[in-house]
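Participant: Each chain is listed here by its residues.
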Amino acid sequence: MAATKTFRVLPGFKITLGFTLTYLSLIVLIPLAAVFIKTSELSLGQFWDVVTTPRVVATYKLSFGLSLVAAAINTVFGLMLAWALVRYSFPGKRIIDALVDLPFALPTAVAGIALTALYAKNGWIGQYFDAIGVKVAFGPLGVLVALVFIGLPFVVRTVQPILEDLDTELEEAAVSLGADRWQTFRFVILPILLPALLTGFALAFARAVGEYGSVIFIAGNIPMVSEITPLMIITKLEQYDYAGATAIAVVMLLLSFVLLLVINGLQAWTSKRTGRDR
Amino acid sequence: MAGATTLHLGGDHAARFESRAATREAPWVKWLILGVSLTFFATFLLMPLIAVFVEAFRKGWGTYLTALSDPDALSAVRLTLTAALIAVPLNLVFGVCAAWAIAKFEFRGKQFLITLIDLPFSVSPVIAGLVWVLLFGAQGWFGGWLMANDLKVIFAVPGIVLATVFVTFPFVARELIPLMQAQGREEEEASVVLGANGFQTFWHVTLPNIKWGLMYGVILCNARAMGEFGAVSVVSGHIRGQTNTLPLHVEILYNEYQFAAAFAVASLLALLAIVTLVIKTWVENRAARALNLETAVSRLSIARKPDEHDVLGIGQTPAIR
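Heads up: the protein sequence lines correspond to chains L and W, in order.
Note that UniProt numbering has the first sequence beginning at 1, numbered continuously upward.
Note that UniProt numbering has the second sequence beginning at 1, numbered continuously upward.
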């Protein structure tokens with residue numbers, strides 16, 4: 001962070017940057033570094049054994065697989081919801097628009113027990129699934145429900161501003177050139193939305209992979225069937241297996257870093273395409 | 001990761017799209033999209049919220065009030081407030097400092113710094129708790145020293161505060177950085193050149209410009225601080241009446257099959273969420289109004305210009321007419 005040689009009019013650069021870097025190091029960087037240092041106590045072979053035990057591998061499949069499915073569901077329905085909120089007027093729209101952010105504001109534990117109550121076999125929604133022999137709560141499907149819940153606002157809130165910025169002229173031009181409504185959507189609107197949709201997908205996916213609070217209540221947490229990866233870290237910690245817990249944490253952290261890079265790239269693409277800052 | 005949590009000034013656009021044939025769908029398509037998306041909204045967002053309150057009052061007001069006035073519940077409220085009262089101001093000061101350094105100055109590695117500030121958003125809450133166990137737990141780096149000095153961080157209040165600070169770390173910074181970057185530094189430079197000191201400049205020039213964004217960041221930060229579950233659960237040790245926050249108290253009651261009591265406490269947190277969303281919407285409206293006012297004023301001053309000429313008598317010269 002070498003200071004540039006230009007003369008600065010505004011004061012406070014050194015003290016604010018100094019505080020920023022110190023605080024960042026103390027709260028985020030050093031603690032996260034501890035995870036990697038702790039794991040280095042294990043040999044590469046031991047590390048590999050911990051992170052590839054069948055029970056742990058089953059959690060990767062569940063966590064990553066269902067997070068992908070949930071993000072895909074959110075991309076489709078989130079786009080529809082954003083479309084409805086931007087393009088149509090209907091009663092209660094402002095309240096619905098505000099409530100889209102509920103998963104950001106509602107504590108995950110509350111979401112977890114509420115979704116469990118709804119989707120249990122005697123719940124308001126679960127009873128209909130139970131009637132056709134489908135178990136939602138206390139199984140993998142329950143995990144999916146929770147991941148869809150927490151991921152929805154990411155897609156809606158990344159797509160909505162882009163939809164609002166769209167000029168009507170684009171669609172009018174498409175129509176006057178002979179395109180029908182579907183062609184206009186498919187070849188004019190969708191390409192403009194694509195970077196935002198992918199960003200929303202990646203954000204929802206990243207959040208879903210790490211999610212804990214809302215999932216553990218509804219998952220049933222059956223080994224090899226409905227255990228998520230963050231739960232494995234907790235389980236290892238409860239057995240005082242700190243090295244094992246950190247080894248799994250390293251796998252998750254590496255994935256988070258990759259996702260963060262992907263999301264940054266996608267957001268840069270979005271702003272390049274649309275001229276928006278974010 | 002905050003792309004979805006930043007101040008959003010929407011306004012209503014429906015009229016613009018609905019009034020033109022080219023931007024309208026066939027009625028059946030419109031109703032289909034509305035029907036599907038609103039059903040999706042109802043089943044995944046609205047019904048869980050309603051369910052919290054219905055379950056909370058299932059056994060009546062008596063049970064509800066008993067659950068809330070239980071000493072363990074009250075101590076959970078106190079701990080939750082304590083953690084938020086420490087975490088939110090800390091991250092507020094950090095957010096303002098980081099945004100000032102990043103938005104008002106040029107330096108190498110700025111983009112990388114912004115990415116690092118975002119990190120806690122992409123780390124699983126469980127890992128946000130684990131890191132403090134590795135540092136301050138019985139077997140952690142400083143565990144021996146803490147034990148020798150009879151200090152407790154993990155399974156105690158300091159650990160809960162640290163975990164809360166970690167998960168809420170980026171909220172204010174992430175809100176202010178793009179906002180202050182967009183506003184540039186001319187106004188502050190003018191203020192300093194006119195003789196104001198740094199603090200006066202911040203207080204009288206910068207703060208009025210960023211107040212809505214700042215409030216927005218603070219309320220989201222507070223909601224997360226009071227509602228955090230995963231990270232706090234790892235460091236808390238779940239000691240009733242001592243290291244239980246409200247979300248952890250909900251979990252304990254739920255696991256003891258005291259469902260009505262669990263939902264009663266959960267309804268407090270759900271109310272907090274609703275209040276957060278109401279304030280958030282209000283802030284968005286105020287910010288949008290401020291923005292509209294600004295554009296209206298600048299338009300007005302452009303429109304006024306011929307009038308100024310009129311006053312000077314230029315427009316009234318008969319020769320020009």
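It is worth saying that the hints were derived from the structure and are not from the lab.
Beta carbons: idealized from backbone N, C-alpha and C, even for Gly.
Misleading hints may appear alongside valid ones.
[Claimed, not checked] Derived list of chain L stretches under chain W, where covered just means 3 residues or more per stretch with a C-beta under 8 Å from a C-beta of chain W: (1) 172-181; (2) 251-265.
[Stated by the list, open to error] Computed cross-link-like contacts, EDC-like style, restricted to lysine to aspartate or glutamate with a CA-CA straight-line distance of at most 16 Å: (3) W:K30 - W:E18; (4) W:K211 - W:E106; (5) L:K272 - L:D165; (6) L:K93 - W:E106; (7) L:K14 - W:D12.
[Stated by the list, open to error] Short, incomplete list of chain L residues facing chain W, as computed with Cβ under 8 Å: (8) V9; (9) R87; (10) P91; (11) A120; (12) L190; (13) I192.
Participant: Next, verify each hint and record whether it holds.
Facilitator: The hints, checked one at a time:
no. : hint            : in the structure
1   : 172-181         : holds (count 5)
2   : 251-265         : holds (count 8)
3   : W:K30 - W:E18   : holds (11 Å)
4   : W:K211 - W:E106 : violated (23 Å)
5   : L:K272 - L:D165 : holds (14 Å)
6   : L:K93 - W:E106  : violated (43 Å)
7   : L:K14 - W:D12   : violated (43 Å)
8   : V9              : holds (5 Å)
9   : R87             : holds (5 Å)
10  : P91             : violated (11 Å)
11  : A120            : violated (11 Å)
12  : L190            : violated (14 Å)
13  : I192            : violated (14 Å)
Comparing the model with each earlier hint shows violations of hints 4, 6, 7, 10, 11, 12, 13; every other hint is respected.
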